[in-house]
Amino acid sequence: MLVDDLLAASADRRPEKTAVICDGERWTYRQLDDASSRVAAWLADGGVVPGDRVAIWLENSIALVAAIFGILKAGGIFVVINARVTPDHAAAVASDSGARILIGRETVSDIQSAMRGTSRRRRSSRTENDVAALIYTSGSTGEPKGVMLTHRNLTAAAEAISGYLGNTEDDVILNALPLAFTYGLGQLTTAFGVGATVVLERSFAYPRAIVDTMVRERVTGLPLVPTMATLLLKQANGLRVPSLRYVTNAAAALAPAKLHGLLERFPGARLFSMYGQTECQRASYLPPEQLAVRPESVGIPIPGTTAIVVDDFGRRVPPGVVGELIVRGPHVMAGYWNRPAATASVLRPAGPGERELHTGDLFRADAEGFLYFVARADDLIKVGGEKVAPKEIEHVIAELPSVADVAVFGVPDDVLGEVVAAAITPMPGMTISADVVRRHCHGHLESFKVPRDVSVRASLPTTDTGKVSRRALRAAALAAERPA
Amino acid sequence: MEPLRAELRKFITDNFLFGDASGRFAFSDEDSFQERGIVDSTGVLELVSHLQEHYAINIEDDDLIPDNLDSVTKVTAFVERKRRDSEAGARRAG
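Chain order of the listed sequences is A and B.
When the count follows my numbering, it moves up by one through the first sequence with no breaks and lands on 493 for the last residue.
When the count follows my numbering, it moves up by one through the second sequence with no breaks and lands on 149 for the last residue.
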């Protein structure tokens, strides 16, 4: 099955059903399917041929959804760029993907007029093993890395996820996650697969307004990351959403207090704790009835896939022993775009015609086979669900002539989970202020990458091998925050 | 420019743009903080606690909507309204 078949099939079955609600507009399945066919015609007229990449740098909107499906119908590969990133970062992603066209805020009117155009296009013929999307993620040095997801990868994940969530065409899912992430994109594919309705929001900055929308639209499904859960519990007290059937959490674990807060806030809803990474979209979910038994578990592999914990030799470890999580199934990516070495290091042969994904994440399983996330195997900082590479920020700070040495690390934050902190030593005889460092970072990085804490000191702690120790800095910051 | 509006502009510039409201960071009083990516979800919390502390106004959950907080002009009007409300309340109480 192709990803655009999800939309086309629902448009055939229930043409007048509302597919997407956004910015006060309501689009039916028929309207959205037609609009995306017109976008496909416009793209083909513009020279897009099957296999071409088309990058879209837009906020969540109807135009973005129509563009995604229009690109697919023209046989192209869509590359959604997070609206929050800097122009430099967007350009780097577009260039890495080799996109023929970049659609941004300045050119969105082209899409909007194409959506209302007259010529429609028959869908290009493709196979389900063709790449449908490049989803960009952050590499360990901050360079953008495109995860290739095929039509089969995306539809298989959508079917598995809708299966365990019990999605039907009666569901109304509110999504404030960027469609540049698999967690956000997956809300569209799961909903379209069953003919449900998606309420698209741009951000979660105003949880009170989100809850009002949920009540008005009788929302049944709410995907969250921990930051959103925190904002919801802080700012939207005393509000009830009786229609809500389930809440999902991914990207990072929810603290037990927040978990209980959500269960109290939405007494009729079931809460799903989940784990995934872009390379396989989703790996596991905890059936809600298990939440009381093992609240810290991220559960079992999603239907039709396997996920096991192995040692350095690839042997399955006994319960309780920590190892790396390995994932197999139709949801596992085809590889990294134009990066055969990086691909080979995470996708390894696993029997005839199959490859397994080495997630790089450390896990353990209990005696019943339920999975527990232990730690990431790298230094990436997770700020409100966005992965941040310390090296990228260190490189920017090191551009300042008065900086001798710099180390960037994550420190805990109540709302965002983690925030960025930096420790700096000045060049001999020079001074530097935290404000100068933060202003410089703001000019070159997205706002969530600007260090919130900058400390200037005489020296930085090092490891036995003489490298600056991010771990020691992080531990010292933790100790300072919680005085004995 | 009235003093309150100028103060709020300065707070936004200093705290969310690190003092630099030039070039691609330039913004008008009508620009939506959300659409321009100036204030994100944690920024809204910072803005609200600043308003509460600095202007001694009481902000309820119901006030946390874009109509009150999503541009310099909207925040200015919001603070003025809140101040009037609390003065009226004080007069009644007196």
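Simulated from the structure, these hints should not be mistaken for laboratory data.
Quick reminder that beta carbons are idealized off the backbone N, C-alpha and C, glycines included.
Hints are not guaranteed to be accurate.
[Claimed, not checked] Pairwise CB distance ranges (calculated):
1) B:H105 / A:R448: 13 to 23 angstroms
2) B:R138 / A:Q299: 30 to 40 angstroms
3) B:A61 / A:D179: 47 to 57 angstroms
4) A:R466 / B:D84: 56 to 66 angstroms
5) A:P59 / B:T128: 44 to 54 angstroms
6) A:P265 / B:E108: 25 to 35 angstroms
7) B:A148 / A:D375: 22 to 32 angstroms
8) B:D84 / A:T116: 50 to 60 angstroms
[Claimed, not checked] Below, a list of computed lysine-lysine pairs in the BS3-like style, where the Cα atoms sit at most 25 angstroms apart:
9) A:K396 / A:K476
10) B:K129 / A:K243
11) A:K476 / A:K391
12) B:K137 / A:K243
13) A:K243 / A:K391
14) B:K137 / B:K65
[Unchecked claim] So these bits of chain B aren't anywhere near chain A, every CB distance computed over 12 angstroms:
15) E57
16) A61
17) S96
Taking the hints in turn, this is what the structure says about them:
1. For the pair H105 (chain B) and R448 (chain A), the supplied restraint of 13 to 23 angstroms holds, since their beta-carbon distance comes to about 19 angstroms.
2. A beta carbon spacing of about 51 angstroms between R138 (chain B) and Q299 (chain A) contradicts the range 30 to 40 angstroms that was offered as a hint.
3. In this structure the hint that A61 (chain B) and D179 (chain A) lie 47 to 57 angstroms apart at CB holds, the actual value being about 52 angstroms.
4. The beta-carbon spacing between R466 (chain A) and D84 (chain B), approximately 40 angstroms, falls outside the hinted interval of 56 to 66 angstroms.
5. The hint said 44 to 54 angstroms for the Cβ distance between P59 (chain A) and T128 (chain B), and at roughly 48 angstroms that hint holds.
6. The hinted window of 25 to 35 angstroms between P265 (chain A) and E108 (chain B) holds, with their beta carbons roughly 31 angstroms apart.
7. A hinted range of 22 to 32 angstroms for the beta carbons of A148 (chain B) and D375 (chain A) is inconsistent with their spacing of about 60 angstroms.
8. Range check, D84 (chain B) to T116 (chain A): Cβ separation about 27 angstroms, and the 50 to 60 angstroms hint is violated.
9. For the suggested pair K396 (chain A) and K476 (chain A), the alpha carbons sit about 23 angstroms apart, so the restraint of at most 25 angstroms is met.
10. Only pairs whose Cα atoms come within 25 angstroms are accepted, and K129 (chain B) paired with K243 (chain A) is accepted, the gap being roughly 22 angstroms.
11. At roughly 22 angstroms between alpha-carbon atoms, K476 (chain A) and K391 (chain A) fall within 25 angstroms of each other, so this suggested pair holds.
12. In summary, the hint linking K137 (chain B) to K243 (chain A) is supported, as the alpha carbons are separated by about 21 angstroms, within the 25 angstroms threshold.
13. Restraint check: the Cα-Cα separation between K243 (chain A) and K391 (chain A) comes to about 21 angstroms, which is no more than 25 angstroms; the hinted pair holds.
14. Note on K137 (chain B) and K65 (chain B): the hinted pairing holds, with a Cα-Cα distance of about 20 angstroms set against a maximum of 25 angstroms.
15. Against the 12 angstroms criterion, E57 (chain B) stays outside the reach of chain A, whose nearest CB is about 26 angstroms from its own CB.
16. Residue-level check passed: A61 (chain B) sits 21 angstroms from the nearest beta carbon of chain A, beyond 12 angstroms.
17. Once the 12 angstroms rule is applied to beta carbons, S96 (chain B) is inconsistent with being away from chain A; the minimum gap is 4 angstroms.
In this structure, the hints that do not hold are numbers 2, 4, 7, 8 and 17, in rising order.
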